[in-house]
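Undergrad: The lines below spell out each chain.
Number of protein chains: 2
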Amino acid sequence: MILCDIGNTSYHFLDGDAEYKRDVKSFIPSAYQDKVYYISVNSEVNKKLHGLKNWIDISSYVDKSQYYESMGIDRIFSCEAIESGVVVDAGSAITVDIVKNGNFMGGFIYPGVNAMRETYKKISPALDYSFNFDLELDIMPKNSQDAISYGFLKTLFTEVSSYDMPIILTGGDASLLQKVFKTAIVENELIFKGMKKIIKKAKLC
Amino acid sequence: MILCDIGNTSYHFLDGDAEYKRDVKSFIPSAYQDKVYYISVNSEVNKKLHGLKNWIDISSYVDKSQYYESMGIDRIFSCEAIESGVVVDAGSAITVDIVKNGNFMGGFIYPGVNAMRETYKKISPALDYSFNFDLELDIMPKNSQDAISYGFLKTLFTEVSSYDMPIILTGGDASLLQKVFKTAIVENELIFKGMKKIIKKAKLC
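Taken in sequence, the protein lines are chains A and B.
According to the numbering used here, the first sequence is numbered sequentially starting from 1.
According to the numbering used here, the second sequence is numbered sequentially starting from 1.
Any given hint could be a false lead.
For identical chains, the list gives no copy identity; a pair is met inside one copy or between any two copies.
To be verified - Pairs of lysine-lysine, DSBU-like flavour, derived with a Cα cap of 30 angstroms:
1. 200 with 121
2. 122 with 197
3. 201 with 122
4. 201 with 179
5. 25 with 121
6. 122 with 64
In case anyone wonders, no lab produced these hints; they're calculated from the structure.
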């Protein structure tokens, strides 16, 4: 079974145990003959896929009644993967979603690592630093690099920690954020876990 | 006595009780004949002012030993204005600085309202919303506008509130942020207050 999670920049595949990414700009989906179960937040890619019979969009098999209309399908599938906890998905945006006993309680959207880096740089060249992920969170900064790192990371950390729930980190920057969220569990394949669960429930294969 | 706080985009004057701003691009400082006491974070403007005898840079009269080298002079003067509290200065960046019994304890830098709005927009056109400053902070969002508003505002609020100190709001977006920081005191002339204090201490006039 081949699974694919399609984002704004890449196709993320899981084929058995093999996990790999393909660039949205260069990958040609019609070149695949095998059956691919996918979800996608990319409207351009969706247009290409709708004419291909072996690409099966599984987004309609999830009960969306507890989510909201404009919520990204990737966030929904991550939430479906867990029973209780806070899902922190660190990609181009960092989405933070709360699930309690299988119920979606709501969530928020924070800028991702690269987006935030660009933001500080644009505000002033004096803030053009990479983030210090080894920042001491209990000490108020007294230098520019730590001042922006704290602004980006500590505010998010304080908020997410305040829920007092298990934290599940996923997404491309999960390992970076784990340096700050030290007690969090990293689950790189959380969306695929959600996809497998829905495929099984819907008896698709 | 004319005071002037020069930022990246404007000259901010206080002349007696009259407060006004002039655009950095169009204002010609040599047109002023009166004595002007100023601080500036704008290196381009600094070059222009150094040759003008009636423009007096008062930044050197503050004891900088407790601050850090790359810290903006505007932040330093805001801190000088208070004895104890958290200064939240909401401009192109939102700087958050802690002062305890006249001592600077450190601070952090968060993106300003406009910068953050642009950031979300750039991440995805689906996040191109203005912020909802009337957001209910105790409810996890279930729509896109609230999801980014919460991401921007609630994380900052939770962090700043955790210090359990009086909050002083200043800067161009102070009144917007007061909708979230309901118990904060708005002090639009905090930097000028700091400037007056230093001028008096240094017996400059």
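Undergrad: Which earlier hints can't be squared with this structure?
TA: 1, 2, 3, 4
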